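J.: Chain by chain, the residues:
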Amino acid sequence: MFRRLVEPAGHVTVTIDGRPFSVAAGETLSTAMLLAGFAGLRRSARLGRERGPFCGMGVCFDCLVTIDGAANRQACLVRVRDGMAVQTGTRLAALADTVPE
Amino acid sequence: MMPFDLVIVGAGPAGLRAAVEAAAGGLSVMLVDEGREPGGQIYRGSESGAFAGTAKLGPDYAAGAVLAAAFRASGVQALFGATVIQIEREADGSFCVSVATGHDKAVVIRAKVVIAATGAQERPFPIDGWTLPGVMTAGAAQTMLKADGVVPDGPVVLAGTGPLLYLLAAQYAALGVAIDTLLDTAAPGNWRRALRHVPGFLASRYAFKGLGLLCKALAATRIIRGVEAVAAIGDTRLSAVAYRKGATERTIPAHVLLLHHGVVPQINLTWSAGAQHRWNAARLAFEPVRDASGQTDVPGLFIAGDSGGIGGAQAAEAEGALAAFGVLRMLRGTAGDDDRTERQWRRRLAVSLRGRAFLDALYAPRQSHLSPPDDVIVCRCEEVTAGDIRKAVRRGAMGPNQVKAFTRAGMGPCQSRMCGLTTVAIIAAETGQSPSDIGHMRLRAPVKPVTVAQIASLSDTGERSAVD
Ligand SMILES: Cc1cc2nc3c(=O)[nH]c(=O)nc-3n(C[C@H](O)[C@H](O)[C@H](O)COP(=O)(O)OP(=O)(O)OC[C@H]3O[C@@H](n4cnc5c(N)ncnc54)[C@H](O)[C@@H]3O)c2cc1C
Chain X
1 MFRRLVEPAG HVTVTIDGRP FSVAAGETLS TAMLLAGFAG LRRSARLGRE RGPFCGMGVC
61 FDCLVTIDGA ANRQACLVRV RDGMAVQTGT RLAALADTVP E
Chain A
1 MMPFDLVIVG AGPAGLRAAV EAAAGGLSVM LVDEGREPGG QIYRGSESGA FAGTAKLGPD
61 YAAGAVLAAA FRASGVQALF GATVIQIERE ADGSFCVSVA TGHDKAVVIR AKVVIAATGA
121 QERPFPIDGW TLPGVMTAGA AQTMLKADGV VPDGPVVLAG TGPLLYLLAA QYAALGVAID
181 TLLDTAAPGN WRRALRHVPG FLASRYAFKG LGLLCKALAA TRIIRGVEAV AAIGDTRLSA
241 VAYRKGATER TIPAHVLLLH HGVVPQINLT WSAGAQHRWN AARLAFEPVR DASGQTDVPG
301 LFIAGDSGGI GGAQAAEAEG ALAAFGVLRM LRGTAGDDDR TERQWRRRLA VSLRGRAFLD
361 ALYAPRQSHL SPPDDVIVCR CEEVTAGDIR KAVRRGAMGP NQVKAFTRAG MGPCQSRMCG
421 LTTVAIIAAE TGQSPSDIGH MRLRAPVKPV TVAQIASLSD TGERSAVD
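Top to bottom, those sequences are chains X and A. Per my numbering, residue 1 is the first one in the first sequence, and the count goes up by one each step. Per my numbering, residue 1 is the first one in the second sequence, and the count goes up by one each step.
Bear in mind the hints are in silico, worked out from the structure with no lab data behind them. No experiment lies behind these values; they were computed from the predicted model shown. From the three backbone atoms N, C-alpha and C, an ideal C-beta is built for every residue, glycine too. Please note: incorrect hints may appear among the correct ones.
[What the hints assert, rightly or not] A few chain A residues facing chain X, derived, Cβ under 8 Å:
{"#": "1", "residue": "ALA50"}
{"#": "2", "residue": "ALA140"}
{"#": "3", "residue": "GLY149"}
[As the list claims (entries may be wrong)] Which chain X residues stay away from chain A? Per the calculated CB distances, all over 12 Å, these:
{"#": "4", "residue": "THR13"}
{"#": "5", "residue": "THR15"}
{"#": "6", "residue": "ASP17"}
{"#": "7", "residue": "GLY18"}
{"#": "8", "residue": "PHE21"}
{"#": "9", "residue": "SER22"}
{"#": "10", "residue": "ASP82"}
Using the sequences plus the hints, can you model the full thing?
T.: What follows is the structure in structure tokens.
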């Protein structure tokens, strides 16, 4: 789906759904996940359909993932760190931990 | 805690220039941005991105590194990776700015004056299948390019309207990235409507830049103009794009579809802070009402750059400077020792806004794309369709707040950023009212969902809560 045009300076390892991936150091998490083949990152609230990164700038909330145990983080606003553990597949109804308004 | 003279939200051209001028005027300044480094949308990644220090994305992009360096040299304090969730004016006229600094942390920063320079977002382009993984906005793809040096692989289709769509096509072309097809959905009549703005356009810097861009992208790309409908097709992810032009209907295989419908001001923060906003019929967007320095009707709250109305990067930078001079005048009684600089920035602003009306008219979206067919999802969060919204209107929901209560459109975590304008367009089409009378859904703070831990960390530090 996507490819790297510029070779990264270094690599780090992140775990996505329990599997280790070598990704570019400092890369945006949503980019790293697309490159690792994860097109859908969570499921929609009502119909349970897969959603992937859409706006890339923090406005659409489609790229929410769990990072090191913290739920509903916007993957497009986070950079990868060595040892980061990411979980996909949250169904958005699980936003119960947050206060919408 | 001593308040800062000035808190600036946003490190795009507007916020960076405001910071540089305010610091030069001797103010204590704190700048907050959700991104990782200075630059904003146009200059994203100009310090450490994949193309930092190169001219590969064009001369406009290269200008970002210069501005970022001036900002670093100004000594202004900055908080990156931090989201402002609320701006509140206190009884004494000062401001409390609530900032989420991590998933379990939030702080309150106090300021005498605030400049919001939060920029634009892309106007939603709701089409059939736009929620499928593999469908993204052109801006998202461009951000991946600037920040991470990553481009689409396999067949990629661009669809929609607006200068940014062609800019991305041109940037890809210059880098040797093949685009399968560009589906231009601007209405054919736009040319005629744009004609009366041609003199202004020819006097602008866009004329040269615009033509150069188009030629480059045109040579390398198959462009289909006058496209009337676009749909994303796939099961769990995008596999093809279907389009209709007159009697012709085609389906083309695609791994990536990049949508674009122009850009509109991000208004959630300034609206929730109580500033008055007004419908701009030429730009089809809500904009804050501001004076010549960018001050809103909330005294001490200034707005600069694209979040005040789309003017592009040069205009944003000029507005940033003018807002800083306005703040200096307010706090110090003078905008520096000579007002020649201010006049120069004002002239630059005027020059950079020439040609805008031409672009607005030329790239205006079609009515049928602003108010899409019944089965298209409008609210991505709550999966509410255009048909659901029409039904609610027919049952008596006359305004966007009622539509929200009837359908849940706008209740999800994006807080109507993806469905607000479409909802207004549908109500307008159904009732014949103008968007100016309809208004936007009420926008409230916190402007992004807040975690319990963030709220707890606020009270832990003894600061007042971000959520009332
Ligand atoms: C996705 C996208 C890509 C674009 N690409 C180009 C381009 O390549 N060329 C071009 O000429 N124009 C481009 N534009 C148009 C762009 O709006 C202007 O060129 C210019 O960047 C506007 O400058 P600004 O300072 O007003 O805002 P921006 O440059 O948008 O900067 C606003 C900043 O505010 C931050 N921000 C927003 N809300 C918050 C918050 N609540 N808390 C903390 N920080 C916040 C953002 O992270 C951002 O860094 C693009 C617009 C978008 C939306």
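J.: Against chain X, is ALA140 of chain A within 8 Å by beta-carbon distance?
T.: holds (3 Å)
J.: Minimum C-beta separation from THR13 of chain X to chain A exceeding 12 Å: can you confirm that?
T.: It holds; THR13 of chain X is separated from chain A by about 17 Å at its closest Cβ, greater than 12 Å.
J.: Are all beta-carbon distances from SER22 of chain X to chain A longer than 12 Å?
T.: holds (15 Å)
J.: Just want to verify: PHE21 of chain X was marked as not at the interface with chain A; is every Cβ pair farther apart than 12 Å?
T.: holds (15 Å)
J.: The output says THR15 of chain X does not contact chain A. Does that hold with a beta carbon cutoff of 12 Å?
T.: holds (18 Å)
J.: Closest CB-CB distance from ASP82 of chain X to chain A, is it above 12 Å?
T.: Non-interface label stands for ASP82 of chain X: nearest chain A Cβ at 17 Å, farther than 12 Å.
J.: Close enough to count: is the Cβ of ALA50 of chain A nearer than 8 Å to one in chain X?
T.: Status holds, d = 4 Å.
J.: Closest CB-CB distance from ASP17 of chain X to chain A, is it above 12 Å?
T.: holds (15 Å)
J.: Per the stated criterion, does the least C-beta distance between GLY18 of chain X and chain A lie above 12 Å, as a non-interface residue requires?
T.: holds (20 Å)
J.: Closer than 8 Å between Cβ atoms is the bar; does GLY149 of chain A clear it against chain X? Give me holds or violated.
T.: holds (3 Å)
Violation of the numbered hints given earlier is absent; every hint is satisfied by the structure.
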